[in-house]
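Spelled out from the first residue to the last, the chains are:
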Amino acid sequence: MIQLKNVNKVYEDGFHALKNINLTFEEGKLNVLIGPSGCGKTTTMKLLNRLIDYTDGELTIDGKLISDINPIELRRQMGYVIQSIGLFPHMTIYDNVATVPKLLKWDKQKISQKVEELLKMVDLDPDTYRERYPHELSGGQQQRIGVIRALAAEPKIILMDEPFSALDPISREQLQDELVRLQKEINKTIIFVTHDMDEAIKIADQIILMRDGEVVQKGSPHELLTNPINQFVEDFIGEDRLRQARGLPPMTAFVDEDYPSVKVTESLDAAINVMVEKKKDQMPIVDADDKYLGILSLYDAVKNRDSEIKNLVDETVIAYRESAEVEKFVASKETIAPIVREDMSFIGVLDQDQLLEVLHEQVDQKSGVMS
Amino acid sequence: MNLIQEYIEFWEIRYENIFEYLLEHLSIAFVSIIFAIVLTVPLAIGMTKMKNERLKQAIFNVANFFQTIPTIALFALLIPIFGIGFTPAVVALFLYALLPLLRNTYAGVESIDQGIVEAAKGMGYSTVQRLAKVELPIAVPYIMSGIRITTVYIISWTTLATVIGAGGLGDLVMAGIGSNNTYMIFTGTALAIILALTVDLIFGLIEKRLSVSRG
Ligand SMILES: Nc1ncnc2c1ncn2[C@@H]1O[C@H](COP(=O)(O)OP(=O)(O)O)[C@@H](O)[C@H]1O
Ligand SMILES: [Mg+2]
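So the sequences go chain by chain: A and B.
The first sequence runs 1 to 371 under the numbering used here.
The second sequence runs 1 to 215 under the numbering used here.
Simulated from the structure, these hints should not be mistaken for lab results.
It is possible that some hints are incorrect.
Chain B regions said to be covered by chain A (calculated; three or more residues, Cβ under 8 Å) [unchecked claim]:
(1) 29-37
(2) 107-116
(3) 151-157
In the PhoX-like style, the derived pairs of lysine-lysine whose C-alpha atoms are separated by at most 25 Å in a straight line are [what the hints assert, rightly or not]:
(4) A:K108 to B:K133
(5) A:K114 to B:K133
(6) A:K102 to B:K133
(7) B:K133 to A:K105
On a predicted model such as this, the values are computed, not experimentally measured, just so you know.
Glycine included, every Cβ here is placed at the ideal spot set by N, Cα and C.
Please construct the entire structure, taking both the sequences and the accompanying hints into account.
Here you go:
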């Protein structure tokens with residue numbers, strides 16, 4: 001676990017780049033630092049491998065002060081991936097991936113096995129690629145090598161500074177997917193810098209949103225999406241993503257309270273009259289206390305005129321509570337959705353015209369974003 | 001026909017002499033260039049790690065200063081200190097070689113993609129390891145190209161070493177002028193040119209070998 005307590009960074013020229021940063025990066029979690037350019041993401045990340053030293057505060061790794069750890073040894077225990085990839089052009093892919101294991105003096109056999117395993121993990125055939133030079137690979141392939149080079153010495157912590165932002169969209173998506181998959185397999189503590197909110201939402205366990213050297217909000221993607229603490233967070237996340245995350249409004253937004261109901265004690269003829277008059281073919285039936293019992297269909301009522309309501313009520317049609325998610329009904333194959341209070345007392349019926357309208361709106365917006 | 005026959009005869013009589021001049025020429029040029037390389041390459045590499053901008057600028061200024069002194073004047077200035085002959089010639093040419101070598105080596109190491117340097121740092125190379133395993137191997141083609149260009153210059157300037165009695169192909173030319181012997185003038189000049197071109201070619205090949213198989 002990595003902890004920053006009241007960490008400040010003032011650069012040599014007096015620029016106050018980080019202000020009272022308090023953060024926890026838990027073990028095995030993928031943490032994403034995000035924010036506008038210049039907000040201090042890279043500075044924060046470089047504190048962790050001591051490429052930059054902080055001015056005051058406290059930074060610990062597993063309880064140990066980072067300033068007590070030898071920077072060279074610290075870096076060999078951390079993976080590091082950068083935007084410009086930084087593969088060594090004069091070394092083969094094998095030598096590039098083997099860099100840190102060699103620095104750590106692993107034996108040859110073990111290094112060779114590890115390189116092979118890693119190349120396979122990112123779908124690059126070892127026999128084809130081992131002896132190639134970086135410039136003989138595409139950008140996406142080069143960054144795959146950049147990523148596995150960081151994994152080679154099996155570090156517990158991996159730092160990634162905008163690793164995918166220079167790649168084409170297809171390679172980027174592939175590498176994001178691979179990273180999420182890898183993270184499940186290898187379970188590292190990852191600190192990942194990006195300025196791309198979609199990327200953050202897709203991969204993060206924890207998102208840390210920064211502005212002007214301060215942490216504005218941190219939490220799971222779900223927390224940020226559903227509970228942005230201020231206008232800046234909302235703006236940074238963007239209206240479209242927020243709306244999408246909010247999903248459909250709850251049942252109460254669609255309830256048609258004018259929908260009639262009939263008490264189970266009334267005559268069947270009375271029920272038929274109401275249905276004909278209101279042009280409904282399905283009628284919610286309630287008991288003496290207005291509690292929902294089931295649905296009477298016009299078809300059944302007309303066919304069995306001599307019967308009574310209580311014999312014809314279809315109790316398998318379930319009612320929804322006000323707070324239920326509309327998605328539940330949308331996902332079911334029911335044709336009517338009676339809505340009830342907590343005590344089962346009848347409120348009304350879901351207004352399907354209104355629901356349809358909202359659904360259409362969402363579909364339009366989504367296709368609008370894509371075009 | 002006559003001319004060629006005469007020239008062949010000239011070589012038959014003089015070849016031992018000519019090779020002596022050639023050897024002298026080569027040794028002056030190479031001794032000075034080797035000393036210059038030994039000093040400037042490590043210095044330039046050190047300068048890329050130097051934080052003190054002023055000191056860096058001062059070093060470049062000194063190297064630049066030697067370049068601006070006319071060759072003949074520099075030879076003359078060195079006589080009171082080193083006398084005449086091989087030593088002052090080597091010292092003068094050494095001083096001339098400083099700037100181009102310094103500049104090329106420095107630029108070569110400086111021009112390395114900062115991303116590569118940062119990756120190397122971030123992966124836990126020490127400064128010395130980074131220099132040996134990453135920065136120098138990448139900069140070698142640049143450094144070689146500086147050495148090649150400088151060597152060609154120095155070979156050509158060595159022709160002037162004759163004025164302080166250091167010998168070399170310049171002697172042949174001067175002697176030709178003195179005795180009005182066109183063959184001697186021609187041979188001295190032609191050999192200096194051929195020598196420069198050959199070195200250029202060979203160093204060029206080495207440079208190419210060193211920079212294959214990278215992006
Ligand atoms: N060496 C430095 N000296 C002075 N200011 C710096 C230095 N490095 C970065 N900064 C400044 O610190 C701020 C944060 O930089 P950085 O962490 O790189 O931002 P980000 O990665 O979020 O884009 C920027 O305003 C930048 O100009
Ligand atoms: Mg940055």
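query: Which earlier hints can't be squared with this structure?
result: 1 and 3
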